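Student: If you want the building blocks of each chain, they are given just below.
There are 4 protein chains.
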Amino acid sequence: MPSELVELKGHIIDSLSLPRVLDSILAQGGEFEILEMTVGKTRDDQSRALIRIQAPNDDKLNAVLAYIEQEGANRLEQQDAELVPAPKDGVFPEHFYCTTNLPTSVKVSGKWIPVDRVEMDCGIVIENGQARTTPMNDVRAGQMVVVGHDGIKVETPERRESVGTFEFMTSTVSSEKPKALMVAEVARQIRDTKKAGKKVLLVGGPAIVHAGAGEAVARMIRDGWIDVIFAGNALATHDIESALYGTALGVYIEEGKPAPHGHENHLRAINEIRRVGSIAEAVKQGVLTKGIMYEAVKAGVSYVLAGSIRDDGPLPDVITDVMEAQDAMRAQLSEVGMALMVATTLHSVATGNLLPASVEVVCVDINTAVVTKLADRGTHQAVGVVTDAALFMSELADELKEAGPWRAS
Amino acid sequence: MPSELVELKGHIIDSLSLPRVLDSILAQGGEFEILEMTVGKTRDDQSRALIRIQAPNDDKLNAVLAYIEQEGANRLEQQDAELVPAPKDGVFPEHFYCTTNLPTSVKVSGKWIPVDRVEMDCGIVIENGQARTTPMNDVRAGQMVVVGHDGIKVETPERRESVGTFEFMTSTVSSEKPKALMVAEVARQIRDTKKAGKKVLLVGGPAIVHAGAGEAVARMIRDGWIDVIFAGNALATHDIESALYGTALGVYIEEGKPAPHGHENHLRAINEIRRVGSIAEAVKQGVLTKGIMYEAVKAGVSYVLAGSIRDDGPLPDVITDVMEAQDAMRAQLSEVGMALMVATTLHSVATGNLLPASVEVVCVDINTAVVTKLADRGTHQAVGVVTDAALFMSELADELKEAGPWRAS
Amino acid sequence: MPSELVELKGHIIDSLSLPRVLDSILAQGGEFEILEMTVGKTRDDQSRALIRIQAPNDDKLNAVLAYIEQEGANRLEQQDAELVPAPKDGVFPEHFYCTTNLPTSVKVSGKWIPVDRVEMDCGIVIENGQARTTPMNDVRAGQMVVVGHDGIKVETPERRESVGTFEFMTSTVSSEKPKALMVAEVARQIRDTKKAGKKVLLVGGPAIVHAGAGEAVARMIRDGWIDVIFAGNALATHDIESALYGTALGVYIEEGKPAPHGHENHLRAINEIRRVGSIAEAVKQGVLTKGIMYEAVKAGVSYVLAGSIRDDGPLPDVITDVMEAQDAMRAQLSEVGMALMVATTLHSVATGNLLPASVEVVCVDINTAVVTKLADRGTHQAVGVVTDAALFMSELADELKEAGPWRAS
Amino acid sequence: MPSELVELKGHIIDSLSLPRVLDSILAQGGEFEILEMTVGKTRDDQSRALIRIQAPNDDKLNAVLAYIEQEGANRLEQQDAELVPAPKDGVFPEHFYCTTNLPTSVKVSGKWIPVDRVEMDCGIVIENGQARTTPMNDVRAGQMVVVGHDGIKVETPERRESVGTFEFMTSTVSSEKPKALMVAEVARQIRDTKKAGKKVLLVGGPAIVHAGAGEAVARMIRDGWIDVIFAGNALATHDIESALYGTALGVYIEEGKPAPHGHENHLRAINEIRRVGSIAEAVKQGVLTKGIMYEAVKAGVSYVLAGSIRDDGPLPDVITDVMEAQDAMRAQLSEVGMALMVATTLHSVATGNLLPASVEVVCVDINTAVVTKLADRGTHQAVGVVTDAALFMSELADELKEAGPWRAS
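Read top to bottom, the protein sequences are chains A, B, C and D.
FYI, our numbering numbers position 356 of the first sequence as 356, with every residue one higher than the one before it.
FYI, our numbering numbers position 289 of the second sequence as 289, with every residue one higher than the one before it.
FYI, our numbering numbers position 31 of the third sequence as 31, with every residue one higher than the one before it.
FYI, our numbering numbers position 248 of the fourth sequence as 248, with every residue one higher than the one before it.
Please note that the accuracy of each hint is not assured.
Same chains, same names: a pair is fine if it fits in one copy or spans any two.
No farther apart than 27 Å at their CA atoms in a straight line, the calculated lysine-lysine pairs in the DSSO-like style are these [to be verified]: (1) Lys-401 to Lys-198; (2) Lys-298 to Lys-401; (3) Lys-111 to Lys-9; (4) Lys-41 to Lys-153; (5) Lys-290 to Lys-60; (6) Lys-41 to Lys-60; (7) Lys-41 to Lys-9.
These are computed hints drawn from the structure, not numbers from a lab.
Quantities reported herein were computed from a predicted structural model and do not represent experimental measurements.
With the hints as extra help, turn the sequences into a complete structure.
Tutor: Here's what the structure looks like:
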């Protein structure tokens with residue numbers, strides 16, 4: 001395995017440089033060995049780490065080196081930077097070095113010279129023994145431009161001031177990642193959890209149903225991917241309304257048009273289950289024949305429907321006392337290895353309060369604020385996927401389906 | 001066709017009751033005839049409309065009647081309300097009347113009696129000649145409950161105070177509708193626009209590519225569904241980066257992992273096209289062989305890439321002068337019948353400024369604010385779909401594909 | 001009072017043109033008289049209204065006319081448009097006519113000529129008997145430009161297709177209005193409600209306290225502006241934590257720094273009140289000596305603290321059964337004339353479910369989605385103020401304070 | 001100064017425990033000395049740090065200890081935990097130990113026993129030699145409950161899996177902090193920047209003006225707090241419209257009502273400045289006599305108005321070529337020590353691209369996404385304040401004003 005020695009110097013712990021560097025190495029499939037480490041004793045002392053990086057191949061190694069360079073991790077021994085003339089006005093030579101927004105030096109003729117004007121995403125032009133960042137649009141044909149990653153030294157970001165008012169926070173949220181990948185990643189986590197003999201907990205809000213993913217979630221339950229459900233009156237009511245009348249909040253799910261008297265359907269659905277006595281009884285009597293709650297009853301999946309003050313009805317299965325509901329939720333948590341929280345702030349935060357930090361939490365919502373709230377309230381392990389919950393759940397069900405149902409495997 | 005006479009009385013124009021009623025009738029496939037109409041001459045006078053409603057069948061007619069009742073449209077001639085005892089504690093009789101939050105009266109023994117305690121989503125209990133709203137949970141077995149829609153009169157909502165500070169606004173945005181339906185609806189609009197001999201304009205942001213829908217949009221272009229593209233340097237760069245290196249913003253789109261030196265790839269992609277001279281030239285020379293811009297060049301689709309101050313590079317095709325870019329956009333608008341705006345505030349608002357009100361506008365974004373901004377700036381015809389743009393575009397491409405490419409038809 | 005006759009023709013009811021026009025007139029302090037009105041009998045027939053507008057002065061009248069022109073309301077009798085040459089390249093003459101995005105005609109030499117290229121925010125240039133919209137940047141010195149509002153006819157927006165999938169919605173939300181005005185407007189509504197002998201209901205979330213507006217709200221209560229409070233365990237706990245320890249969620253409110261063992265303070269606050277028995281008892285015993293709950297007890301303000309599954313503790317005053325909590329809320333609503341909902345989705349939607357449509361609702365939240373949810377669930381009267389709730393409440397308390405406490409007046 | 005020895009063991013670097021611990025110590029005004037440190041050489045090895053903590057007083061020291069205990073930093077030598085009986089059902093003894101969501105042990109009779117059922121915000125009950133977390137509501141009178149922080153050991157959070165698809169991100173955004181504090185903190189940063197002889201850069205969007213903070217920002221400029229302004233056509237136009245006509249986007253800022261022909265005022269404002277030739281010329285000729293741009297001209301503050309494709313007009317001072325605009329922005333950056341970015345995504349991201357990582361960035365916006373975008377694009381130093389920009393700027397101007405204008409000091 002190819003390897004390289006890098007040095008990281010400065011306030012590498014409190015600027016988070018060291019953790020970021022180690023994380024990047026692992027993320028690329030590399031390994032690290034910390035050969036030397038001296039840690040600054042007090043807030044003003046600098047630290048230094050000497051790290052050997054190994055990667056499966058040169059490409060991966062270069063990837064790691066390029067990435068960690070942005071954190072100020074520089075190769076220990078460096079030759080002069082390679083210089084190549086710009087081929088045209090406004091065009092850099094191939095493999096031009098691309099700048100960060102950190103102070104940088106270039107090794108030219110054996111000497112380190114500082115680069116003037118710190119700016120990210122530029123090239124470095126060397127002229128008259130001076131180095132300076134140059135935007136692509138400003139380079140002129142023939143100017144000598146640094147290419148490759150040799151002979152470059154980037155300073156570690158400064159230690160941030162003690163943060164005081166502004167909070168030090170790590171979160172993992174983004175609306176800008178490839179969504180298909182996130183679906184695949186969450187599917188993998190679900191499979192891994194099941195294989196490890198742990199339970200998967202679904203914490204869900206009603207948008208799952210009225211935005212059209214009820215059928216997909218029902219399928220996931222039927223196929224054995226979900227072991228426990230935490231939800232409220234609304235999810236179950238919308239699901240049952242949809243099973244009984246084809247509508248959610250009075251709108252035909254397959255046509256998107258209001259049904260006759262449709263706005264009343266959620267109340268009629270509740271009234272019907274109250275008449276029969278319970279959801280399980282409705283399944284038994286053949287009143288309820290499909291949907292999320294139907295599949296949950298059929299598959300013996302445990303569910304806790306916790307009451308809230310905005311509930312209509314509610315369904316007879318809803319625990320209207322919130323302290324009893326908390327206890328019912330606690331009773332289901334012992335074997336849970338992963339919680340998938342979808343489109344519900346209330347139930348997600350409530351569940352986060354009850355979960356050990358060791359349970360993996362994935363939170364899917366169109367609104368970034370839900371994940372931030374989870375983290376603010378101590379569920380730091382929550383990973384957020386900012387996307388349309390219904391589209392996400394439909395694709396997740398498809399992804400899981402490809403390998404066949406869980407019980408079959 | 002079954003029909004019914006309804007009366008609407010009060011401040012039916014400025015409370016928007018009348019427009020809502022007419023809209024509901026049409027939305028259900030019904031027809032209306034306004035038999036009489038007296039309009040209040042001044043702000044204090046009430047208006048009155050007598051409307052005959054026709055619908056294809058009794059079910060639809062009942063749907064219309066139930067819906068418009070919420071706006072205070074009452075059947076002209078009414079019998080006594082039907083009363084049925086509650087079958088159990090906490091359970092209403094079937095077909096119980098479900099309340100609105102408007103003042104309501106019930107006809108009992110030929111007399112209209114007002115219902116006490118206005119509250120939505122309750123039943124109405126009649127006891128000792130008194131009527132009052134009762135939540136489902138509070139009804140006791142044997143209490144007489146109004147069922148059906150006979151003998152019910154709901155008052156028109158009051159005229160709102162002259163709005164002053166708070167704006168009078170109509171918009172059409174929701175994150176809570178079935179998404180599959182919206183996909184189908186937008187696909188239908190695209191097909192209708194093409195059939196009408198009009199052009200479809202795509203206004204797109206870079207999230208289309210880095211969230212993974214680049215291939216889907218490329219396919220839509222290849223199949224002839226898009227005639228004009230307005231975008232910026234970022235969309236084109238991400239698309240070309242993805243075609244050349246398989247990454248967007250340095251992340252492998254198919255694996256979601258950072259590529260070696262990946263953060264530099266967008267600059268390298270720009271540099272490469274600058275070297276060659278233009279996107280079209282890159283296609284001609286075989287440098288660019290797939291993606292959105294490739295398909296656009298191949299299909300002869302017009303594109304305007306408008307510059308912005310956050311651009312790196314930019315690509316040689318980008319019009320860096322914003323007034324020139326506006327003129328280039330104007331020049332493409334003459335035949336446009338529909339604009340699909342996806343994941344870009346800047347280009348959406350800019351395009352909205354240039355479009356006649358007669359061009360249909362669909363705006364897809366994870367953020368409600370984009371549509372609000374469009375409407376605030378005068379593009380009142382914009383319809384917003386609040387969802388994940390990449391997932392939406394992937395499903396839209398699939399939906400359009402089912403019927404085969406446009407050119408083939 | 002100056003007056004003017006205008007005509008509105010087309011699908012003026014279902015395009016909402018007529019309601020918008022009447023609303024604009026009133027918003028400017030004008031009055032209207034509908035002289036003639038013919039309403040299209042069926043969906044295909046056009047309607048026509050002839051309206052006399054009166055306004056307090058010429059300026060107001062012109063304001064109305066300019067505004068409603070955008071809805072297609074044109075003055076009945078019109079002279080030729082006035083034409084003035086552009087004084088410079090890129091500069092329009094003063095008082096140039098500013099276009100809408102609707103089809104427009106100009107009266108030149110007694111004939112109406114259509115304006116080419118519909119685009120908003122341009123001028124109209126007349127050349128060779130042709131009229132066309134021209135962006136400011138493109139006008140050349142000497143070109144004849146329409147000035148003033150004479151001789152201009154704008155078409156009514158087309159009737160929208162029956163909306164089907166996409167919802168017909170009116171809401172009143174904006175994050176782009178002058179905030180000081182909104183504060184003044186809400187203060188005025190509160191005063192008017194009190195003067196009318198009605199109660200003001202505050203529905204509040206914990207952000208009021210931890211974002212720093214607890215003191216302001218306490219003052220509003222002390223001064224008699226709030227009659228009823230609906231909240232949850234969190235608001236009361238944060239408030240009491242802040243009164244007992246100076247912290248909210250463990251952070252010193254006045255310094256923004258974490259307190260010793262601060263994250264535990266909310267639990268200690270709850271424990272303390274549980275020990276004493278109730279909030280009122282804590283006030284009586286001198287344990288609780290300031291804050292929102294203290295002032296509420298002192299002023300005899302009714303409060304309902306409704307439980308939720310995310311509650312720690314909870315406080316002994318919290319009603320943990322949600323159906324009981326709903327009933328407790330209902331019992332407080334009879335005299336409520338206005339509800340001010342601040343920074344809580346759960347309690348706002350729950351309260352919205354219980355309120356008659358006649359109660360004014362103002363909903364203050366940093367997140368647009370809360371108001372949309374209220375409207376989606378039937379509380380159409382809700383007016384949304386998208387802003388920072390804590391800053392808003394602080395300014396509202398200041399605004400109300402200026403006129404002295406309510407009881408004093 | 002009181003001090004204490006703590007030990008931190010496990011994956012303390014890549015779980016971010018060590019940086020968080022050091023940060024907490026400094027945030028409380030404490031100091032640390034790292035006495036011993038052994039760093040795991042490879043990804044599987046654990047690390048260990050022995051840290052001496054000093055704090056100004058016992059209170060602060062206890063605060064630090066309580067806080068870092070949540071990261072698994074435990075006092076080296078510990079006595080048995082103190083046990084006190086619960087005084088009542090549902091009430092813990094005073095100073096009860098409050099749990100985290102990490103695995104925990106309690107020292108009882110010299111032995112460490114693990115606590116059953118990991119859950120945050122509970123107490124620990126010891127019964128029959130067993131320890132278990134107990135929610136406040138479930139404790140019974142007389143049960144022995146752990147109080148204080150002696151005899152408690154909390155495990156370090158596990159190392160997170162190599163993150164792969166999900167990004168490792170640190171950001172500093174919150175909508176839930178006391179806003180008055182953030183105002184004070186930003187004011188302090190501005191003052192510190194000025195005192196250090198550096199420039200303060202304001203990057204602003206038009207919402208500053210139309211939401212009512214134009215006057216406040218004008219005052220900040222007049223008082224010497226702002227040295228450079230980056231904005232677009234919209235900010236300057238709204239400001240000038242407001243100075244010339246009292247409106248922004250056609251709405252009277254002081255009344256919130258639409259002005260006569262108000263929607264045209266922004267075009268008229270642009271036209272007027274184009275007629276005169278430039279903003280500076282308009283100030284010179286007495287056409288422009290107040291507002292942000294007026295004060296900027298008067299105070300000799302540099303401004304760059306960069307064009308965008310959504311611009312109307314634009315003003316003659318706007319640089320319509322975006323590459324030229326970038327260069328103009330670069331030319332102003334040399335002495336900038338702090339950038340205050342307010343209510344503009346486009347200009348904030350563009351400026352972030354140009355700034356060295358050493359320039360402090362504060363980003364104020366009602367939308368969390370802006371700060372996330374800045375960080376995603378490499379401006380990691382950005383600190384986000386999620387609040388109403390106009391209210392924030394008004395309070396910031398007041399805060400700065402209290403100490404008098406800068407030039408005077």
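Student: All hints are to be evaluated individually against the structure, with a verdict given for each.
Tutor: Comparing the hints with the structure gives:
1. Only within a single protomer do Lys-401 and Lys-198 lie at most 27 Å apart by alpha-carbon distance; the minimum there is 19 Å, versus 41 Å between protomers.
2. Taking the closest pair of Cα atoms, Lys-298 and Lys-401 come within 27 Å of each other only inside a single copy of the chain (19 Å); across copies the shortest separation is 37 Å, beyond that limit.
3. Taking the closest pair of Cα atoms, Lys-111 and Lys-9 come within 27 Å of each other only inside a single copy of the chain (19 Å); across copies the shortest separation is 42 Å, beyond that limit.
4. For the homomeric pair Lys-41 and Lys-153, the shortest alpha-carbon distances inside one copy (25 Å) and between copies (24 Å) are both at most 27 Å.
5. Only between protomers do Lys-290 and Lys-60 lie at most 27 Å apart by alpha-carbon distance; the minimum there is 26 Å, versus 49 Å within a single protomer.
6. Within a single copy, Lys-41 and Lys-60 get their C-alpha atoms only as close as 34 Å, which misses the 27 Å cut-off; across copies the closest is 20 Å, which meets it.
7. In this assembly of identical chains, the alpha carbons of Lys-41 and Lys-9 lie at most 27 Å apart whether taken from the same copy (14 Å) or from different copies (17 Å).
The structure meets every hint from the earlier list without exception.
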